[in-house]
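Trainee: Sequence:
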Amino acid sequence: MTIHVEGLVAIALFYLLILFVGIWAAWKNKHSGEAEGTDRSETIMVGGRDIGLFVGGFTMTATWVGGGYINGTAEYVYLPDYGLAWAQAPFGYALSLVVGGLFFAKPMRSRGYVTMLDPFQQLYGKRMGGLLFIPALMGEIFWSAAILSALGATLSVIVDINIKMSVVISALIAIFYTLVGGLYSVAYTDVVQLFCIFVGLWISVPFALINPAVSDITVTAVKQVYQSPWRGSVNKDDTWVWIDNFCLLMMGGIPWQVYFQRVLSASSATYAQVLSFLAAFGCLVMAVPSVLIGAIGASTDWNQTSYGAVPPKDKEQADMILPIVLQHLCPPFVSFFGLGAVSAAVMSSADSSILSASSMFARNIYQLAFRQSASDREIVWVMRVTIFVFGGLATVMALVTGTVYGLWYLSSDLVYVIIFPQLLSVLFVKGTNTYGSVAAYLFGLLLRIGGGEPYLHLPPFIYYPGWITEKKLHPSTGQMEEIIVQKFPFKTVSMLASFLGNVAVSYLAKYLFESGKISHKYDILDAVVSKHSGEIMDKTTLVTRGNNIGLSEMAPVKPRLSVTLAAAFTRRDTLPKETVEEEDESSPDSPHHDDDE
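If you read the sequence shown in numbering that gives the first Met the number 0, its first letter stands for residue 0, the second for the next number, and so on.
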């Protein structure tokens with residue numbers, strides 16, 4: 000095995016730069032939030048809520064512009080049966096950020112939540128929050144594992160070093176600076192990483208374009224030269240699949256803690272919206288060099304290169320087209336700079352996902368579900384341990400599991416069909432409750448799993464309209480196998496069924512309990528009776544006792560723990576002054592009322 004000394008030196012220098020920036024950011028902001036009385040754990044999670052436009056715009060863009068984004072975009076443009084028409088990630092994720100900014104950023108930030116799961120636990124209870132944590136955690140861990148796996152393969156192509164060693168070193172660096180500085184380190188390193196991705200890929204593109212083995216990409220976009228045109232097309236039979244995948248990217252890209260971590264760290268709700276729009280523009284700009292590299296790969300006569308006569312697509316290496324173009328069509332010093340860009344992209348996504356997973360666990364599972372009396376210092380240590388554990392878990396999966404991309408596809412689908420409709424319900428639909436949430440969770444899970452997952456060789460047990468059987472060569476065994484392909488947009492249908500199920504079951508449960516058709520003692524989830532105790536006491540309890548008490552004489556009913564739990568979710572110092580004053584005047588639990596009593 001040959002060791003490219005220049006490549007190793009370039010990567011070592013880049014990694015040292017990232018490590019230095021991460022530690023510097025942690026040191027610079029070590030006292031952030033102390034003056035305002037913000038807990039240290041909250042500072043690690045949302046950076047003291049003082050992330051400005053410049054750093055915020057970069058870090059939110061880096062949320063999606065990762066290793067999977069730049070490698071995947073180049074791969075789809077290069078693949079003969081897909082092309083640019085199927086490279087949906089740039090526009091899908093850009094629209095996802097626009098929709099998130101228009102509708103979700105403001106209500107989440109203005110209510111002062113700390114994690115994405117806070118509104119679920121506040122409305123549906125801690126047990127439901129724990130259930131929703133499962134697909135959210137799976138998404139973050141499998142995403143980290145998938146991009147670490149991609150990094151190992153990329154580094155091994157260009158530098159020819161051991162894949163396992165490169166993955167472990169990259170993961171350790173990302174885990175270390177995330178441990179030290181939390182969101183501040185992640186945000187500041189994102190600025191450096193995004194700059195390196197942009198410069199590294201744009202330096203590589205001109206050199207690849209002028210290589211003698213590369214034909215004019217404007218010609219190969221519309222005419223077949225070495226393979227079918229890279230512009231691509233969508234067959235009539237695949238229209239619904241294309242729409243389904245696009246909806247998955249656009250709406251399924253919203254309910255991720257990595258996105259809301261940035262939204263909730265913004266210094267105001269308006270800033271959170273502006274950051275989303277800036278990041279949408281950034282996603283499109285950062286996709287351009289990847290699209291060009293994919294087009295270059297499709298326009299290359301590989302027989303004239305050091306790669307060999309057989310194109311990457313015929314060697315099952317289409318997913319590696321970006322590093323292969325850097326390696327074989329660019330001078331060595333350029334390819335090593337591009338390599339730094341790719342490893343930057345991976346680390347910028349891996350650190351975010353690991354921090355997001357540990358934030359949700361420490362706050363929503365450990366603190367709010369099990370240890371409500373936990374001290375701030377205890378929460379910080381739980382976060383540090385879980386950053387290490389989740390980071391280690393993602394690394395092990397990247398090294399051991401062969402189907403890590405299949406796992407990520409399935410978990411991202413579950414985020415779309417389970418968490419997105421629940422987020423819609425909890426923010427915009429009045430009257431939903433835990434019964435509806437549980438039903439929606441089960442509807443979404445069954446309908447999505449029922450459709451099967453070819454990447455994991457998971458056979459379907461629900462055959463949606465239009466399904467077909469395809470024969471495919473198994474990459475490891477070399478044998479032909481039959482797989483079921485669903486042509487129906489079942490992911491989006493599952494999401495809609497989950498949303499409608501939540502609303503319908505919630506209102507049905509509310510009606511059955513409040514009308515007395517089902518006794519209150521069967522409200523085992525405390526989702527209807529305890530939530531509307533004042534209203535129900537007036538309608539049923541007082542009537543059955545025969546007491547004629549006027550509504551004006553009734554003392555306000557104070558459900559136990561509701562005040563302390565609500566306070567745990569909403570930081571009053573993050574709300575506008577007018578909102579706090581209005582709440583104080585209207586709330587029967589406010590200090591003014593207590594004084595009167």
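To be clear, the hints were calculated from the coordinates, so they are not data collected in a lab. These numbers come from a predicted model, not from an experiment. Heads up, the beta-carbon is just placed ideally off N, CA and C, and yes, glycines get one too. Mixed in with the good hints, there may be bad ones.
Stated by the list, open to error - Here are the in silico distance ranges between beta carbons for each label pair: (1) Pro-458 - Asp-375: 26 to 34 Å; (2) Lys-27 - Glu-377: 36 to 44 Å; (3) Val-233 - Ser-374: 25 to 33 Å; (4) Lys-486 - Phe-280: 41 to 49 Å; (5) Tyr-454 - Val-4: 49 to 57 Å; (6) Trp-201 - Tyr-506: 33 to 41 Å; (7) Asp-300 - Leu-499: 34 to 42 Å; (8) Pro-458 - Phe-90: 50 to 58 Å; (9) Leu-171 - Lys-486: 23 to 31 Å; (10) Arg-230 - Leu-457: 15 to 23 Å; (11) Lys-27 - Asp-236: 15 to 23 Å.
Claimed, not checked - Simulated crosslink set (DMTMM-like; lysine to aspartate or glutamate; CA at most 20 Å straight-line): (12) Lys-471 - Asp-313; (13) Lys-470 - Glu-481; (14) Lys-235 - Asp-49; (15) Lys-27 - Asp-49; (16) Lys-486 - Glu-452.
Trainee: Which of the numbered hints above does this structure break?
Mentor: 1, 2, 3, 4, 5, 6, 7, 8, 9, 10, 11, 14
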